[in-house]
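Chemist: Given these sequences and hints, build the entire structure.
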Amino acid sequence: MNVLQLRREIEPELLRTPGITGVSNIGNTIRIYVDGSPELPTRINNFPVEVFKTGPINALSLISQYQAPQVLSGAPWIVPEVSVDPLRTGRYRPVPGGASIGHPSITAGTHGVSLRFLGIPRGLSNNHVLAAGSTLQFPRAKIGDPAYQPGPYDGGTLSDAVGTLSWYKPIDTGGPNLVDAATWVPYSPDLMSDEILEIGDPKALGTVKVGDIVQKSGRTSGLLTAEVIDVNATVNVNYGDFSADFHNQIITDLIGEPGDSGSALLDMGGPNLVGLLFAGSKYVTIHNHIGNVLSAMGATPPPDQEVSGSVTVSLLLSNALLLLGLI
Amino acid sequence: MPQISGVVVERFTRRPVRGVTIRIGNFVALTDARGRFSIEAPLGPVQISLTHRDFHPYAMSLNVIRAADIGAIGLSSKVVAL
Chain A
0 MNVLQLRREI
10 EPELLRTPGI
20 TGVSNIGNTI
30 RIYVDGSPEL
40 PTRINNFPVE
50 VFKTGPINAL
60 SLISQYQAPQ
70 VLSGAPWIVP
80 EVSVDPLRTG
90 RYRPVPGGAS
100 IGHPSITAGT
110 HGVSLRFLGI
120 PRGLSNNHVL
130 AAGSTLQFPR
140 AKIGDPAYQP
150 GPYDGGTLSD
160 AVGTLSWYKP
170 IDTGGPNLVD
180 AATWVPYSPD
190 LMSDEILEIG
200 DPKALGTVKV
210 GDIVQKSGRT
220 SGLLTAEVID
230 VNATVNVNYG
240 DFSADFHNQI
250 ITDLIGEPGD
260 SGSALLDMGG
270 PNLVGLLFAG
280 SKYVTIHNHI
290 GNVLSAMGAT
300 PPPDQEVSGS
310 VTVSLLLSNA
320 LLLLGLI
Chain B
0 MPQISGVVVE
10 RFTRRPVRGV
20 TIRIGNFVAL
30 TDARGRFSIE
40 APLGPVQISL
50 THRDFHPYAM
60 SLNVIRAADI
70 GAIGLSSKVV
80 AL
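Protein sequences, first through last, are from chains A and B.
Numbering that gives the first Met the number 0 numbers the first residue of the first sequence as 0 and each following residue consecutively.
Numbering that gives the first Met the number 0 numbers the first residue of the second sequence as 0 and each following residue consecutively.
Do not take every clue at face value.
To be verified - DSS-like, lysine-lysine: derived pairs with alpha carbons at most 30 angstroms apart:
| no. | chain 1 | residue 1 | chain 2 | residue 2 |
| --- | --- | --- | --- | --- |
| 1 | B | Lys77 | A | Lys141 |
| 2 | B | Lys77 | A | Lys281 |
| 3 | A | Lys208 | A | Lys141 |
Said to hold, decoys possible - Not everything, but these chain B residues come out facing chain A in the computed CB check (under 8 angstroms):
| no. | residue |
| --- | --- |
| 4 | Met0 |
| 5 | Leu29 |
| 6 | Arg52 |
| 7 | Leu61 |
| 8 | Lys77 |
What the hints contain is simulated information worked out from the structure, not anything from laboratory work.
Glycine included, each C-beta is placed from N, C-alpha and C at the ideal position.
Modeler: Written out as C-alpha cells, the structure is:
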C-alpha cells in the first residue's frame with residue numbers, strides 16, 4: 000500500500016476524530032493537522048506521522064450575521080475585522096480584486112479577481128461570499144441575487160449592487176468538496192476592473208508546489224505574501240452553522256482574517272492565478288486550486304495546455320461559450 | 000504531553016516574526032501574527048528547531064520536565080546590510 004492509498008483509507012476516520020483538522024502527506028510522511036492534542040501514533044503502517052498544529056479552521060468571511068445571529072455567540076471568528084486599508088471596504092468603481100463584496104444576507108468578503116483575462120466576463124469569489132454559504136442541503140441564494148460592493152457589513156445596500164450572482168458550486172456538508180467558489184456578472188463591463196489591488200493584472204494560470212512564495216490581496220489584511228506548505232491537503236472547515244470536508248487544498252502560512260475570503264492567490268511571477276482563498280486559522284490559510292475552480296465552472300483548460308507555473312494558458316473560446324451557456 | 004510555548008522575534012529589532020516553523024520531533028507548529036507559538040513536546044531531552052525563509056535556521060536543546068514558556072527566541076535575518 001502506498002501513502003496515497005493509506006490516506007484514502009484513514010482519512011474519513013481521522014477527520015471525524017475530535018482535535019484533527021486535516022490530513023495530508025508530504026512525500027511518504029503522513030501529515031495530520033490538529034487543533035488540540037489528540038493521541039496520535041508516530042507511525043501508521045510504517046509511514047512516519049508528522050503532527051502539524053493549525054488551530055480550528057474556519058471560513059474566512061463574515062457569514063450569516065443576519066441569517067443566524069445565534070452563531071455570533073461563542074464564535075469569535077465571525078466578529079468583523081477592521082481592514083488594514085479603509086479604502087478596501089469603501090465603494091470602488093470599477094470593482095478591483097481585493098475589495099469588499101458580498102451577498103445581501105452576509106456581512107462581507109473579498110472580490111478575488113476578474114476572469115476576463117481567461118475570456119470569461121465574470122468576477123470570482125467564494126460561494127460563502129456571493130451565495131451566502133449555500134449548501135446542497137440548504138440553498139441560501141439563487142442565481143440573479145445582487146452582489147453588493149462594498150458588502151453589507153461595510154455599508155453596502157441595494158444601491159451599491161454592481162452585478163448579480165451568476166454561478167456557484169453548492170457545498171456538500173455530507174461529502175467531499177473541492178471548491179468554495181462562486182461568480183458574479185457585472186451589470187456592465189465597466190463596473191469590474193481587471194486589476195487586483197497592489198498586485199496588478201493576472202497574466203495567466205499557474206500551479207504551485209510546497210515551498211513556493213505566493214501573494215494575496217484581501218479586504219481585511221490587504222496584500223500579504225506567504226509560503227506554500229501543502230498542495231494536496233484534506234481539511235474540515237467550520238462555517239459556523241455547518242462544517243464540510245475539502246479535498247486537494249493548498250495550505251499556506253499566510254495569516255488571513257475574516258473578510259479575506261474570496262481573495263485570489265497568485266504566484267510571484269506573471270503574476271499567475273493559482274488559487275482561491277476561503278478558510279484559515281490563527282496559523283494557516285486554505286485555498287482551492289484554481290484548476291479545480293475552473294473545472295467546477297465547466298471551464299477546464301484544453302488538455303494539451305496543462306496548467307503549470309511557467310506555461311501561459313488560454314482557455315478555449317468554446318469553454319468560455321460553454322460557461323456562458325451554463326450561467 | 001507538555002506544551003512548550005514562546006515568542007520568536009527578529010534578533011535586533013525584537014519585532015515578532017510570523018510564520019516561523021517550529022519542530023520538536025514529529026510535532027510541527029507555526030508562529031502566529033504576534034510571533035507566538037505553542038507546541039507539544041515529549042518529556043526528556045529534545046531538540047527544538049526554528050526555520051523561516053527570511054531567517055537563518057536556529058536550533059537548541061531543551062530538557063522538558065513540564066509545560067513551560069521559554070520566552071523570546073531571536074532569529075537573525077538573512078538580509079545583509081550593504
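Chemist: Taking the hints in turn, state whether each one holds.
Modeler: Here is what the structure says about each hint:
1. Proposed proximity of Lys77 of chain B and Lys141 of chain A is contradicted: the alpha carbons are some 51 angstroms apart, above 30 angstroms.
2. A hinted pair counts as satisfied when its Cα atoms are at most 30 angstroms apart, and Lys77 of chain B with Lys281 of chain A qualifies at roughly 25 angstroms.
3. For the proposed pair Lys208 of chain A and Lys141 of chain A, the alpha carbon gap of about 36 angstroms is over 30 angstroms, so the pair is violated.
4. For Met0 of chain B, the interface hint holds, since its Cβ comes within 8 angstroms of a Cβ in chain A; the closest pair sits about 6 angstroms apart.
5. Below 8 angstroms, beta-carbon pairs count as interface contacts, and Leu29 of chain B has one with chain A at about 4 angstroms; its hint therefore holds.
6. The beta carbon of Arg52 of chain B comes within 6 angstroms of a beta carbon in chain A, closer than 8 angstroms, and the hint placing it at the interface holds.
7. Checking Leu61 of chain B against chain A: minimum C-beta separation of about 17 angstroms lies over 8 angstroms; hint violated.
8. At about 14 angstroms, the closest approach between the beta carbon of Lys77 of chain B and any beta carbon in chain A exceeds 8 angstroms, and the interface hint on this residue is violated.
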